[in-house]
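A.B. asks: Each chain, letter by letter, is given below.
There are 2 protein chains.
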Amino acid sequence: EEISNNNINIIMITQASSEHSICIGIQKSEAEKAKKIVDEAFKYEIESFILNACRIESKLSIIALVGDKMKNHQGISGKMFSALGKNNINVKAISQGSSERNITAVIEENDVKKAINTLHERFFEQNIKQINLFIIGIGNVGSKLLNQINQQSEYLKNKLKLKLRVIAISNSKKMIFYENGIDLENYNSKIMSGDDTNIENFISKARKLNLRNSVFVDNTASSEISKTYKHFLKNNINVVTCNKIACADTFENYIELKEISKKYGTKFLFETNVGAGLPIIDTLNNLVNSGDKIISIEAILSGSLNYIFNNYNVNNKFSEVVKNAMDEGYTEPDPKIDLSGIDVARKILILARESGEKIELKNITNNSFIPEECLKTRSNLEFLKSLEDNEDHFKKILSQTVSSNSKIKYVAEYKNGVASVGLKYINKDHDFYNLEGSDNIVLFKTERYKSQPLIVKGAGAGSEVTAAGIFADIIRVSRN
Amino acid sequence: EEISNNNINIIMITQASSEHSICIGIQKSEAEKAKKIVDEAFKYEIESFILNACRIESKLSIIALVGDKMKNHQGISGKMFSALGKNNINVKAISQGSSERNITAVIEENDVKKAINTLHERFFEQNIKQINLFIIGIGNVGSKLLNQINQQSEYLKNKLKLKLRVIAISNSKKMIFYENGIDLENYNSKIMSGDDTNIENFISKARKLNLRNSVFVDNTASSEISKTYKHFLKNNINVVTCNKIACADTFENYIELKEISKKYGTKFLFETNVGAGLPIIDTLNNLVNSGDKIISIEAILSGSLNYIFNNYNVNNKFSEVVKNAMDEGYTEPDPKIDLSGIDVARKILILARESGEKIELKNITNNSFIPEECLKTRSNLEFLKSLEDNEDHFKKILSQTVSSNSKIKYVAEYKNGVASVGLKYINKDHDFYNLEGSDNIVLFKTERYKSQPLIVKGAGAGSEVTAAGIFADIIRVSRN
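Going down the list, the protein sequences come from chains H and Y.
In terms of this note's numbering, the first sequence opens at residue 1 and continues consecutively.
In terms of this note's numbering, the second sequence opens at residue 481 and continues consecutively.
To be clear, the hints were calculated from the coordinates, so they are not data collected in a lab.
This list has only true hints and no planted wrong ones.
Straight-line distance between alpha carbons at most 27 Å, and here's what the computed DSS-like set of lysine-lysine pairs gives:
no.: 1; chain 1: H; residue 1: Lys86; chain 2: Y; residue 2: Lys738
no.: 2; chain 1: Y; residue 1: Lys738; chain 2: H; residue 2: Lys267
no.: 3; chain 1: Y; residue 1: Lys710; chain 2: H; residue 2: Lys161
no.: 4; chain 1: H; residue 1: Lys161; chain 2: Y; residue 2: Lys743
no.: 5; chain 1: H; residue 1: Lys157; chain 2: Y; residue 2: Lys743
no.: 6; chain 1: H; residue 1: Lys407; chain 2: Y; residue 2: Lys908
no.: 7; chain 1: Y; residue 1: Lys559; chain 2: H; residue 2: Lys258
no.: 8; chain 1: H; residue 1: Lys159; chain 2: Y; residue 2: Lys773
no.: 9; chain 1: H; residue 1: Lys79; chain 2: Y; residue 2: Lys641
Pairwise CB distance ranges (calculated):
no.: 10; chain 1: Y; residue 1: Ser859; chain 2: H; residue 2: Gln400; range: 57 to 65 Å
no.: 11; chain 1: H; residue 1: Ser189; chain 2: Y; residue 2: Lys641; range: 43 to 51 Å
no.: 12; chain 1: H; residue 1: Gln400; chain 2: Y; residue 2: Ser703; range: 55 to 63 Å
no.: 13; chain 1: Y; residue 1: Lys908; chain 2: H; residue 2: Pro371; range: 33 to 41 Å
no.: 14; chain 1: H; residue 1: Thr197; chain 2: Y; residue 2: Gly902; range: 52 to 60 Å
no.: 15; chain 1: H; residue 1: Glu328; chain 2: Y; residue 2: Asn627; range: 48 to 56 Å
no.: 16; chain 1: Y; residue 1: Ile502; chain 2: H; residue 2: Asp183; range: 46 to 54 Å
Just so we're clear, the structure is a prediction, and the values are computed from it rather than from any experiment.
Just so it is clear, CB atoms sit at the ideal spot from N, CA and C, and this is done for glycine as well.
Could you put the whole structure together from the sequences, leaning on the hints where they help?
C.D. replies: Next up, the structure:
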């Protein structure tokens, strides 16, 4: 009463049950005046410590959702506050009258744009959801991903009601940020004139933009980048990565990322860490989540090694075949990561961990077939030369296939808490025998798939399917 | 002021911005008195149509979330109202002051218990989420499912923070409802003394209980039950089914269910319709959602027919093998549904539809290998007898495998909008050749898996894996 007597317009009032406090929203310019009036009116109560003095909170804004038929079956408030909550917008005060024609919320000034966009999208834009992408790495995989996003944009809008907007792109040298989205037809020319890449700046810029539905995408194999995931996850930015380093790091670090993701409600997805776009981790998760128990996993997980041994024969040289695999993009930039078996070891490590095993990389037996001296080389050229020098060694491995009527496969196994990787000679009647090109195959033996395993098989390497797998993870995040 | 002068205690107040109405919460007994006072105080304004007369809304209750450190990073309001919204609890009024120590909401009396349980679970019970199941059908699959739920309860609680509670069980004769959950050790004795089964009563009882996180599970093959899904979906009860009838019904009906599910935000899951517990529909969904294009689907989808042709040889009779398959639980209760090919036709229909094709069952070419007279029989006994009479016919089909050095498989195909099912002779080098027991296999050729298909293979029939597949769908719903 005292306030209105003094001509201050009250925009909102709330008094929650039992709280013994009343909160009102007024114009900033009138705050001091209002405080004075209120404190004066309750002078006695304040002096006798019955009430606290009036407190002003500033840098706040009021947003309101107004409509005539808001009493629908699900309650607008649920939609509104879950949308705000999912986007990490803290609500300071709420007021909604029983006519449900207006829900008013007080939020921080800084969050207003994000909140309005979020609510606009949630309620008015025919449910087209905008996803904001921050992409690092535009080599083989990254550039394919950008192409796919560009080509699929119409499809995504029409069929899935999704709009993917690329806000930032970075390679190891330069980075660009466009708050309204980067034109994917000619990002290459733009990136040349971007800022120098600095991952800390990248994080703080992404954070500052404070956009809803944000996803950080790591297409690199960089250890440095993998260390940044937690910053994104903690700042309401989901993480999708084909980079295996984080999940193959110490168990402690792997679990920390999972827990941060759970705590902050941001997704951490890495389907492409094993088998590129094949649904391997997803399938394993479904098995475990539904209470099935993993008895064993037996798998061929190296597209590159499979390609190499499918093409290596008495008429060519091992080093030549390796070079071809490199040229086709089937190997990591450093082919030693594939040929030493370390890449496969990381993959079976991740599968073992996703099965519920607490296991470290060093616990995985690695029966390497590459001579020590080859692995010690320091450039790809040197490595290939060294393989050539050891041709006899490889021909000897090959010769056994003839006598045993088998094929060479690089197999990863996990059983009873023990994991190993290494060459095996595979006979005709085995599911692994007819594995073409760079295909991967995984056999899950579980409590429920005991007599015959559950098998997933298909292209497990190559930049196109890897990009598609990352794409699928982005969609998984988006549909959450 | 007038109200407090008359000694009426105001529990909550809200005035939202721009609404030009003020809402207060008071005790029911004082409502009429308060209205009189307010209407009197504003008599002039009401008579000059500046204000409307005071309106009383009854049968409402106030719930409040109170806490000292509620200003966490994500905003309590988001958690609170999304939990209420997801459980279909309509919020009539809200009040939250800026100290965020109390959020007060007005809801219908009828929803109070549900709301309190929902909020208690969401905020206090270490995040253990309670799922309420309404289960119809406790034959082969249903009884296995109940066993699995019973056995897994500790695991689910510890690892997934889920508590599955079975509220209702029904078979074709009797049904029981226990609001606090049915003891799964001895449900069989209880169901004998249950009420007579009546699906309309079942629906209305489930509705009336108005429990949060509800899932209706259909383990039958009944057409009548499949017609009830929309009632559940519209009443905030998710639907999980292994019954293929709904998805293989007219395209119109299939799409209607999808749209109701989308509109009301309740899940409609049917992974077990194709390949029992194998991740076939989920994988297809992921491919399509991520923008991949299906070129063709080639599959063996009948565990029973695969079992039958894997066991049929020159030394036994076709009718004997069919009887064994029935005894092992590999066929539908009526084996003609498998042997006529109609079951496989329904499955490829569902895969075609999930690929985006608008297609009807009648459009699927069915090259049946069972003589017309066998299909016309009216009991299982009669059917087996009729198969026995036609043994020559089946031996003739078998004889071709010897000459062509192949195996018989019942294959389903979908390509360019055309689908068909029928017997094929499969050669040694085909992925289908080594399909053991009752395994299923699906080959997805897509834009991205073009040179080699994406393959999923494994046990595709049997009550244990089907129950596990339903279980996985229940978990999928629960984790939403």
